[in-house]
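In our numbering, the protein residues as written are 4 to 235.
Among these hints, one or two may not hold up.
Claimed, not checked - Per label pair, the in silico range of CB-to-CB distance:
no., residue 1, residue 2, range
1, N152, P85, 46 to 56 Å
2, A114, G178, 44 to 54 Å
3, Y70, E179, 50 to 60 Å
4, A92, G178, 23 to 33 Å
5, G59, R137, 35 to 45 Å
6, D129, D10, 18 to 28 Å
7, M121, A161, 42 to 52 Å
Keep in mind the hints are simulated off the structure, nothing from the lab. Glycine included, every Cβ here is placed at the ideal spot set by N, Cα and C.
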Amino acid sequence: MSARTLDSASQQILDLVCNLGLEIGARLPSERRLASRLRWSRNTVREAMAGLAAHGLVEIRPCSGAYLCASANPTPPEDPTPLYNAVEALILLAPALAAATGAQCGNDELARLEASTMQMGQALVDNSLLNVWRGLVAFYRELATLGGNPLVLDFIDALGAAPAPTSPNAPVPLGEALQTFFSAHIELLHAIRSRDAEGSAAHATNSINAFLRCFVTWQAGAGTRPMARCRH
């Protein structure tokens, strides 16, 4: 049977094993460590491991532990660098874009900005950093469209097309960090409504720096090294 038919819990453990970079024949972390890492009960971990064993992906050896089988064929974690670079690039552009075009927003444009913000709010509830990013790109694409510069619009589209690594199946808790970002983004929306160019630029910088900190936290939880270099 293929790993694609695994139940959700077994798939999450398999993905975690891939992120850990374990080699074929390596011993998996203990039930206790997996339960702690995934914030599950040990019974849930035990059932998920049994599912992996049933698919021939791990071998459970009594009094020894679980060992990775060749059929698991783990792959290394995906490279998060393209998305990280896209966020850094947006930090450079967003303040100027918000300041230059925010004052031009009419009711229709504000409604679309609010729709993008609602999309980010739902993604925040779902703890989905990548969906927050998609909402953020949609927000600034609306501002770029309003500005009318096709080069800027192409640049925003290129940022949105940056390859995104798959979110860890055991989500890193980002609630507080994402809330900090979202609060700063709401302040940006208020500044745009007030046609406050200076405030728009400042809040754009604050919000995307906060998003970058969320990304670094997520990145570390996905098993890669954080590289925080927030702009001021």
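Here's how the hints hold up against the structure:
For N152 and P85, the hinted distance range of 46 to 56 Å is not satisfied, since their beta carbons lie about 24 Å from each other. In this structure, A114 and G178 break the distance hint of 44 to 54 Å, their C-beta atoms being roughly 28 Å apart. With their beta carbons about 38 Å apart, Y70 and E179 fall outside the hinted range of 50 to 60 Å. With their beta carbons about 26 Å apart, A92 and G178 fall inside the hinted range of 23 to 33 Å.
At roughly 37 Å, the beta-carbon separation of G59 and R137 lies within the given 35 to 45 Å, and the hint holds. In this structure the supplied range 18 to 28 Å holds for D129 paired with D10, their Cβ-Cβ distance being about 21 Å. Hint check: M121 to A161, Cβ distance near 25 Å, so the stated range 42 to 52 Å is violated.
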